[in-house]
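Protein chains in written order, with our numbering: chain A, 1 to 424; chain B, 1 to 424.
Any given hint could turn out to be false.
No copy is singled out in the list; a pair is fine if it fits within one copy or between any two copies.
[Unchecked claim] Here are the simulated EDC-like pairs of lysine to aspartate or glutamate, each with C-alpha atoms no more than 20 Å apart in a straight line: (1) K87 to D192; (2) K230 to E177; (3) K3 to D334; (4) K87 to E38; (5) K152 to D20; (6) K152 to D293; (7) K332 to D65; (8) K150 to D36.
Please keep in mind that the hints were generated in silico from the structure rather than gathered at the bench.
Each chain is listed here by its residues.
2 protein chains.
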Amino acid sequence: MKKHKIAIMGFGTVGGGAYDILTGNADHIRSTQGLDIEIAAILDRSVEPLKKRGVSENLFCDSVDALAADPDIELVIETMGGVRPTKDFIVKLLTAGKSVVTANKELLAKHWSELEPIARAHGCGLFFEASCVGGVPIIRALGESFQGDKVKRLYGIINGTTNYILSKMSSAGLSYEQALAQAQEKGFAEADPTSDVEGYDAAYKLSILASLAFHTCIPYTSIFREGITKVTARDIANAHELGYEIKLIAIGARDGDDVEARVHPLFVPKDHPLASVSGAYNAVYLNGDHVGDLMFYGAGAGAHPTGSAIVSDVVRALSAPPTYCDFRNDGKIDGAINAVGDFTSKYYIGMTVEDKAGVLSRVATVFGDNGVSIRSAIQRPCADDAATLVFLTHAAREHAVMRSLDTISKLGSVGSIDAMIRVL
Amino acid sequence: MKKHKIAIMGFGTVGGGAYDILTGNADHIRSTQGLDIEIAAILDRSVEPLKKRGVSENLFCDSVDALAADPDIELVIETMGGVRPTKDFIVKLLTAGKSVVTANKELLAKHWSELEPIARAHGCGLFFEASCVGGVPIIRALGESFQGDKVKRLYGIINGTTNYILSKMSSAGLSYEQALAQAQEKGFAEADPTSDVEGYDAAYKLSILASLAFHTCIPYTSIFREGITKVTARDIANAHELGYEIKLIAIGARDGDDVEARVHPLFVPKDHPLASVSGAYNAVYLNGDHVGDLMFYGAGAGAHPTGSAIVSDVVRALSAPPTYCDFRNDGKIDGAINAVGDFTSKYYIGMTVEDKAGVLSRVATVFGDNGVSIRSAIQRPCADDAATLVFLTHAAREHAVMRSLDTISKLGSVGSIDAMIRVL
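Chain A extracted, bound-state conformation:
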C-alpha cells in the first residue's frame, strides 16, 4: 500500500483534532479506504504546540517554502485560520501542486475565486468541507447530491456561538450579556465575539453554501447581515408566548434570477425542525423543487467534528481526481442574478407607547398606509402610564416595514421601537 505523506499547517485545536483522527484511526482508514496516510510535517510558529501534544519534534517545520519544496508531501491541511499570511501560504502550496484541505471559511468566502483557478492550473485540489457546519457533510451534499433539483430555499443555523447564546437565553431566561459571558467561560465564544455575534461568521458560511446551492456567486459582501446583540430576554419571552424560538438564521433563496441572502435573528415556529436545534448544534434546512425539504444536523464546530470533515476531505483528495466549483467569489454577484434587498418576510415588532386612547389606532394606521398587514397585536400596560405593543405582521416588504417604523418612531405618543425581528 502506497504511503501518502501529508502536512498540517497550524497545530491548534482543529489541526490537533485532525491529527488525532488521522493517527488514532489510521488502521481503520487503511482497512476501509485503502489509504496509508502519514503526517510527515507540522508547520507552526514554534515547536510548543507539538510538545504540548506529545508529538515528535522531528515533524516540526517553520517554513511554508520547505513544505512547498518537499516532493514527498502530496497534501497540506490548513488549520491556521485568518487571511494573512494564510492566503499567501496556500497560494505557494497550490502553485507547488499540493492539494489543500482547509477549514477556513473567511479565507474561502473572500478569496475562493483566486484560489480555485490556481489549484486547477496546477492539477491539485482545494477542499473545504470543514469550512461550514463542522462534521456535517453539507458541502459534499450541495455539490454531489440532488443535482437534478433547483434548490429554492436554504435556512441554516450555521454559527454555534450564537446558537449557544440564544439557546441559553431561551432555556435559562438569561439576558444576552449573561449568556455571552457563559459562552465565553465555556469556550463557545471568543474574548472578542464580534465575528460570531454580529453574524460575520455566518455570512462567510452562507456565501459558500448559497454559492454552491444556487450555482452562482453569492459574495459575502452582498449578504444582508444583522447580529444577535439586540435580542432581549423580553423578545425571547414574547417569542415563547407566541409559539416561537429565536435563532440566528442564514437564509438563501433563489427564484429565477432573484437571489436573497441574509443573516439575522428569526422567529422560528416551535414545531419547525430548526427550532429544536439547540446549544452548539448546527443544521442546514433546504428545499429543492423535487426532493422537497431536507435537513442536515450535527455539531457545528469543535476539534473532532471539524477534524472529521478535514479527514473526509483528505481521504477524498487522495482517492480521486479533484473537482472544481468555478464560482467566482470575487465580490461581484453574477451579472445575470439580482440581489434582492427589499425581500418579503413576516415581522415581530415591539414598542413602548403612552398608555392613552388612540395610540394603537394611530400606529396601526401607519402600518396600513405602508401596506403592512397586522396578523396579531398585543397591548399590555407597563410602568409609568406606558404600554407595550407587540405586533406580528403578515408577509410584507422589508422596506415597507422600515418606512412604517421610521414614521411610527416620530409619532408623539411612541416612546421607543424596542424590537423588530423577522419571522419564519
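With chain A's structure known, arrange chain B on it following the hints.
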C-alpha cells in the same frame, strides 16, 4: 456537449418521477452539471403507462434484450421493483456494460453480493442512493463522508408508512387499525401492508445502511425484526405521559467485532431529534467516534424525492468512474463479526394483574431475580378488580427481560402481559 442516452425500466410512480425531473430540469442539469441526458427508451409491460403520461410511444420498449443490445444506451434506471424478473434484467444490463441506477432495496438487500461483481467485471456501475430514505443522500454520506470515523450507532426512521401510522396514532389518538386504514386511503400504505408494518422494508434498508456504516456485511436475515401491529393507543398514551413518542426504529450498532442490527418499535424521548420526525418524513441519526451525532432528514418516499435520488445517481454515473462497495450481502455475516442477539436496552412493560395485595411485589421480585432493574412503576386500578402495571426498566439484557416476562406470565395473579416496547 455529448448526448447521453439512457433508459427507464418500469414506468410507474418512481420511474415517472425520475422522468419528470430529467425532462423538466434538463436545462438546469445541462448548465450546472454539463450533462445532456436523453431518455431514449422506456421499458414496461405495455405502452399504457407512457400514454397516460403523454410520453411519445416511440420510446416504448418491451424487451430487456433490446435495451442490453442497444449500443447507444449507457445507463438504465430500474424502477420496476421486486426481485423477479428484475434481478435477471439487471444482470443482463450489467453484463452488457450498462450502468444501473436502482431504487430497489429488497433486491439490493438480497442480491447485492451477486450484482456488484458483475458490474465491476463489466466496467459499469450499480447505484442505489434511491433505495433508502427517498431523496436524503444517506448512501452517499455513508460511503463518502466521515471516512475517518468509526460509526458506532445508527438509528433510522426509514419506513414512511409506519411513521405515518404511528404519527397519526400519536397526534389524533387513533387505534392502529384506524391509522392503518387512513394511511391506506391516502396512499401511504399498500392494500397488503405486511412488508411495511412488519418491518421487512425497514430491515432491507437497515441491511444496506448498516453494511455501509460498519464496513461489513449485515444480511437482512440477521436483523432482529418486530413490527408495529401490536402497538396500541394505550401504549401511545403511556408513552406521552412518560415523555416519549413511539417510533419504528432501525438500529445498528458496532462495538469492536460485535454488531447489533434490529428493527422494532422504540420509545424515543420527546426532546430527541428523532421524536419530531413525523408523518411520512424519514431520518437517519448516527454517531461517529469523532464527528459525534449527525442527523439526515427528509421525505422518505414519493415519486419526486425518490426520483431526485435517482437523478443524482444518474448524474454521478455519467460524470465519474464507478466505485464499488464490495460488501458481501449474501446472507452470511462476516466471519469476524458477531451478531448480538442478547442486546441491552431499556424496556417499557405493561401488564394487567389482579388488584390485590402482594402482586406488585411478586412481579418485581421476578424482575429482580433476573437482574432486571426497575426505574419506575405505575399501578392503576382498572375494571373488574384488576389493575394495570406499567414498568420502565433500566438497561437490561433482552434475554433476561424475556425470561422475566415468561415467568411473570405464569404467576397466578397476572392476567396478561399487554406490552413490551424497547426504550431509547
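Against the structure, the hints:
1. For a Cα distance limit of 20 Å, the shortest separation of K87 from D192 qualifies neither inside one copy, at 23 Å, nor across copies, at 61 Å.
2. In this assembly of identical chains, the alpha carbons of K230 and E177 lie at most 20 Å apart only when taken from the same copy (10 Å versus 52 Å across copies).
3. In this assembly of identical chains, K3 and D334 lie within 20 Å of each other by CA distance neither inside one copy nor across copies; the values are 42 Å within and 28 Å between.
4. For the homomeric pair K87 and E38, neither the shortest alpha-carbon distance inside one copy (25 Å) nor that between copies (43 Å) is at most 20 Å.
5. For the identical chains of this complex, K152 and D20 are inter-copy neighbours only, at 17 Å across copies versus 38 Å inside a copy, given an alpha-carbon limit of 20 Å.
6. When the C-alpha separation of K152 and D293 is checked against a cutoff of 20 Å, the pair qualifies only within one copy, where the shortest distance is 10 Å, while the shortest distance between copies is 27 Å.
7. Taking CA atoms no more than 20 Å apart as the test, K332 paired with D65 passes in neither setting, with 32 Å inside one copy and 53 Å between copies.
8. For the homomeric pair K150 and D36, the shortest alpha-carbon distance between copies (16 Å) is at most 20 Å, but the shortest distance inside one copy (39 Å) is not.
When each numbered hint is compared with the structure, violations occur for hints 1, 3, 4 and 7.
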